[in-house]
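Q: Read off the chains here:
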Amino acid sequence: MKKSRLDQLFAAARREAAPEPRPGFDGRVAAAITRMDAPARPARSSATWLDPLAGWLPRLAVATVVVVGICFAADGGGDPAAGGDLGEGAEELVTQWFFE
Amino acid sequence: MNDDGELIARILDGAKDEFAELVRRHQSQVFSILHRYERDPSRLDDLAQETFLKAWKALDRFDGRAPFAHWLARIAVHVAIDHLRRHKRRPQEVAMDFLGFDAGDWLHDEAGSRAIEASDARELLDLAMRGLSPAEHLVIVLLEIEGRSVKEVSALTGSSGIAVRVRAARARAKMRRTLDGLKEASS
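Sequence lines, in order, name chains A and B. For the first sequence, the working numbering begins at 1 and goes up steadily by one. For the second sequence, the working numbering begins at 101 and goes up steadily by one.
Just so you know, the hints here were simulated from the structure itself, not pulled from any lab data. Here a beta-carbon is modelled for each residue, glycine too, at the ideal position from N, C-alpha and C. Be careful, since some hints might not be right.
One side only, chain A facing chain B, incomplete, derived with CB under 7 Å [said to hold, decoys possible]:
id : residue
1  : 6
2  : 10
3  : 12
4  : 21
5  : 66
6  : 71
The list that follows gives simulated cross-link-like pairs (lysine-lysine, DSSO-like), each with its CA atoms no further than 30 Å apart [unchecked claim]:
id : chain 1 : residue 1 : chain 2 : residue 2
7  : B       : 157       : B       : 116
8  : A       : 2         : B       : 157
9  : B       : 188       : A       : 2
10 : A       : 3         : B       : 116
11 : B       : 251       : B       : 154
12 : B       : 188       : B       : 116
13 : B       : 116       : A       : 2
14 : B       : 251       : B       : 157
15 : B       : 157       : A       : 3
16 : B       : 154       : B       : 188
17 : A       : 3         : B       : 251
18 : B       : 188       : B       : 251
19 : B       : 157       : B       : 188
20 : B       : 274       : B       : 157
21 : A       : 3         : B       : 154
22 : B       : 154       : B       : 116
23 : B       : 283       : B       : 251
24 : B       : 154       : A       : 2
Use the sequences and the hints to build the structure in full.
A: Put into structure tokens, the structure is as follows:
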């Protein structure tokens, strides 16, 4: 095919009128935006130094419970009759791990 | 259109409902760009909606240095190329399509004496462009059908001027070959 024939096609296609949007198109876009629940504008989150701490708190709480649990277990289940306190129990545990 | 900036400022200040006014102002332009890539009215509507939703999400990044219409056109072009990539058809499908009577007649008119209607030209071009990559398709539409300059196409697509020219030349050559193939297949 000659170049000029292709150019004729382009020229003819250029004359094609664009379709108009169907009535209510703007309303449908607005509804889609509402559904999408776009972030509030122009509100922007203001992060503070407390935010990362808040993120860490649940993990810190779990770690604390685990450590306390281990100490109780090492201390004979926390039975006063078993003698000694938590500090002694921890010391005994460390001694067992490192020197035996 | 000069007050687009004011309207956008109000929308960003929380007047979310006023976005519909922005849509009304620019919907014809968006449909005009996108109908070069999608003829089905329902899918065209979806693409136009996708364009405005992307504009909505990115509205706080509109800096007002260029007119809003240019910024929106760029989004529409990106929606179009994503659409072309998603729905890329294999070149071998071209010969399987039914060619309309008038378009077929024009193709066989060796003397070139017949004029061609816009819709028939579009039908032939749609078939010829199926052998193109999405990037080539985009460049041909922007340059040859929308009549934009190489500089404009370069700005819209983010490609260099040389890349635009090379893609266009390659695309034209492919289209001519495809149309020759169609002519042979339909004779």
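Q: Each of the hints needs a verdict: does it hold here or not?
A: Structure-based check of all given hints:
{"no.": "1", "hint": "6", "verdict": "holds (6 Å)"}
{"no.": "2", "hint": "10", "verdict": "holds (4 Å)"}
{"no.": "3", "hint": "12", "verdict": "holds (3 Å)"}
{"no.": "4", "hint": "21", "verdict": "holds (5 Å)"}
{"no.": "5", "hint": "66", "verdict": "violated (43 Å)"}
{"no.": "6", "hint": "71", "verdict": "violated (52 Å)"}
{"no.": "7", "hint": "B:157 x B:116", "verdict": "holds (12 Å)"}
{"no.": "8", "hint": "A:2 x B:157", "verdict": "violated (46 Å)"}
{"no.": "9", "hint": "B:188 x A:2", "verdict": "holds (26 Å)"}
{"no.": "10", "hint": "A:3 x B:116", "verdict": "violated (50 Å)"}
{"no.": "11", "hint": "B:251 x B:154", "verdict": "holds (24 Å)"}
{"no.": "12", "hint": "B:188 x B:116", "verdict": "violated (36 Å)"}
{"no.": "13", "hint": "B:116 x A:2", "verdict": "violated (53 Å)"}
{"no.": "14", "hint": "B:251 x B:157", "verdict": "holds (27 Å)"}
{"no.": "15", "hint": "B:157 x A:3", "verdict": "violated (43 Å)"}
{"no.": "16", "hint": "B:154 x B:188", "verdict": "holds (22 Å)"}
{"no.": "17", "hint": "A:3 x B:251", "verdict": "holds (23 Å)"}
{"no.": "18", "hint": "B:188 x B:251", "verdict": "holds (26 Å)"}
{"no.": "19", "hint": "B:157 x B:188", "verdict": "holds (27 Å)"}
{"no.": "20", "hint": "B:274 x B:157", "verdict": "violated (38 Å)"}
{"no.": "21", "hint": "A:3 x B:154", "verdict": "violated (38 Å)"}
{"no.": "22", "hint": "B:154 x B:116", "verdict": "holds (15 Å)"}
{"no.": "23", "hint": "B:283 x B:251", "verdict": "violated (34 Å)"}
{"no.": "24", "hint": "B:154 x A:2", "verdict": "violated (41 Å)"}
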